[in-house]
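Chain residues, written in single-letter form:
There are 2 protein chains.
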Amino acid sequence: MLHAVVPAGGSGTRLWPLSRAQRPKFLLPLTGTDSSLLQSTVERVRLLSDPDRVYVVTGAAHAVDVARQLPDVPGDNILVEPSPRDSAAAIGLAAAVIAERDPSAIMGSFAADHLVLDGEAFAKTVRKAMELASTGLLMTIGINPSGPDTGFGYLRLGAPVGPGYQLEAFVEKPDQVSAVEYVSAGNYLWNAGMFVWRVDVFLDQLARHRPALHDAVRTLAAAWDSTGREALFAQLWPTLDRISIDYAVMEPAAAAGKVGVVPGDFDWHDVGDYDTLGQVLKAADKTGNVVVRGTGETLLTESKRNVVVPAAGRLVAAHGVDDLIIVDTPDALLVCPRDRAQEVKALVEELKQANRTDLV
Amino acid sequence: MLHAVVPAGGSGTRLWPLSRAQRPKFLLPLTGTDSSLLQSTVERVRLLSDPDRVYVVTGAAHAVDVARQLPDVPGDNILVEPSPRDSAAAIGLAAAVIAERDPSAIMGSFAADHLVLDGEAFAKTVRKAMELASTGLLMTIGINPSGPDTGFGYLRLGAPVGPGYQLEAFVEKPDQVSAVEYVSAGNYLWNAGMFVWRVDVFLDQLARHRPALHDAVRTLAAAWDSTGREALFAQLWPTLDRISIDYAVMEPAAAAGKVGVVPGDFDWHDVGDYDTLGQVLKAADKTGNVVVRGTGETLLTESKRNVVVPAAGRLVAAHGVDDLIIVDTPDALLVCPRDRAQEVKALVEELKQANRTDLV
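Going down the list, the protein sequences come from chains F and Y. Residues in the first sequence are numbered consecutively from 1, following UniProt numbering. Residues in the second sequence are numbered consecutively from 1, following UniProt numbering.
Worth double-checking, as some hints may not be accurate.
All copies of an identical chain are treated as equivalent in the list; a pair is satisfied when it fits inside any one copy or across any two copies.
Claimed, not checked - Keeping only pairs whose Cα atoms sit at most 30 Å apart, straight-line, the calculated DSSO-like set for lysine-lysine is:
1. 124 <-> 282
2. 352 <-> 286
3. 304 <-> 352
4. 173 <-> 258
5. 282 <-> 173
6. 124 <-> 304
7. 173 <-> 304
8. 173 <-> 352
What the hints contain is simulated information worked out from the structure, not anything from laboratory work.
Take these sequences, add in the hints, and give me the full structure.
Now the structure itself:
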């Protein structure tokens, strides 16, 4: 049985106006169903766990929304960070809390804002990672690259071990030339930020490479069910290093030969923008229009390959337009070509510079 | 002094979703200011009249909106038709009501849904028409064609008379070949449905060509200030011919040599669709984007020549799009290329066929 941790953070600026500071990507229903990415992630990890062993780590700003979207996750399993301290603190805290309950538990960590449509295939891969994790390796799950994407870090595979491989190295996000090399080389996978390990092994590595962080999360976890928790949080949390789990633990552990990797034999999507969303959710008919489930209706005539999000309860009518993004929300509307989906970020920047905090 | 009549009817289907059955074109602020077309028309005719001599004829469905948009028009001057009976009945009724008050009055009739930006030039032309109308001609005002438009009827000029011409004939909306001929011939003007006449002369012609209609509007006008008006309306109005003023009076009168025409030396626009609206209102800057004054804001980046109507109080953000129509209303949104502006009518047809009476 897995202890499944879902870190729920990040914003998703390129998904404006659906995503906002107060309504980040993981809370949005970008799954082709009414489920949010967070809900879909939790449903998926439940295939490997039981409800009492599912944890979410999130910020204070989103605690209420997370609690309401996930009524079946026990309140004690929703770990609310007083302020964001990056992934080493978030995942370290979860590992320490789990270790208090079960010192030899196997824990997995899966980001709340990724989309996986085939839950069974996902579970099968995670089980392979659990098998290797039980031998004492810190496991990652790598994604078979569908192309030379420069938006991801890469994992370089070493020697085979059981159902996976030693991880030879974490590789930074490459330039285009390097990305093409990696994909044609065949021994590189995308780093999707999915981890599986025994909490005792992980905490040992954390203690070795980031002792202060280790001690702090251990102290917090030990006081988890006590009245002193709040005061300890106020005292310790602001002192923690802001550092990613990759830098803090995984890279030094990989250098020491302690990290393994299992290739993910499942579809996996980092739905970062509306064009990608359209590719992932696919059209229901031969017009190629993708209508993301929302509160409104659509009437699309002589229009093709558009991505339409009717999220304001209104009719969205389009006539004679192709390859557009149309996102309708109660206080803002976006119209933009699909091939410029990345540039939505710039619009949000303009709004920030104009102090339109009501809209970002 | 002119008695100015403003028939306020018509729908404006190609201006959906701004225009609806319950919110026709003439009630909409398509003037580049906060004024509706109706308000702008009434402001314009006031240059020639005084407030007590301005009349509006409209349907029961729009009486309340007309009354509220025009608080300065006397209640008795807003003639409310119980049901639509086309323009001969509407204009005939107005003429008869004016004749009751002043039997030799000069009356002008100007549609509520046309846009004229230069009111002084308009007034100057109307004064020329009044001069000829006082001699006993039924006058029309023709528009110098800006091109071979097949969407208008044409006026063929005859011999010069005073500051205008005899009207030789009304010509039906032509095909493209004929339209090109008319424009190059130089003696054709667009029929813009603007009329100026002495009410006694007009009513005499109405009596000659449509005696039943004449008698009915005379009877109604005579009872206008009496308690019997409502009963008479209920009895007579449904029996009236549904016929346009052109067919009922102007064409037969022209055949008898009793119609004159003055060329309109003013800009004139039948703003029938959003592309035309964009051409008429013109862009405020070199991006060529036209933002029609609405309740919402816009953020248009790397976007050119779009016509944007932010009428839902929301932000309309567009990035990297050109030559689009974006119309944002509280219950429906339209996105369509400007060169397909005419086809908006087809969208409305689809909604009607789907029984979406809430949206049309």
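Here's how the hints hold up against the structure:
no., hint, result
1, 124 <-> 282, "within (25 Å within a copy, 62 Å between copies)"
2, 352 <-> 286, "between (39 Å within a copy, 25 Å between copies)"
3, 304 <-> 352, "between (33 Å within a copy, 23 Å between copies)"
4, 173 <-> 258, "within (22 Å within a copy, 84 Å between copies)"
5, 282 <-> 173, "within (28 Å within a copy, 47 Å between copies)"
6, 124 <-> 304, "neither (37 Å within a copy, 51 Å between copies)"
7, 173 <-> 304, "neither (34 Å within a copy, 35 Å between copies)"
8, 173 <-> 352, "within (27 Å within a copy, 53 Å between copies)"
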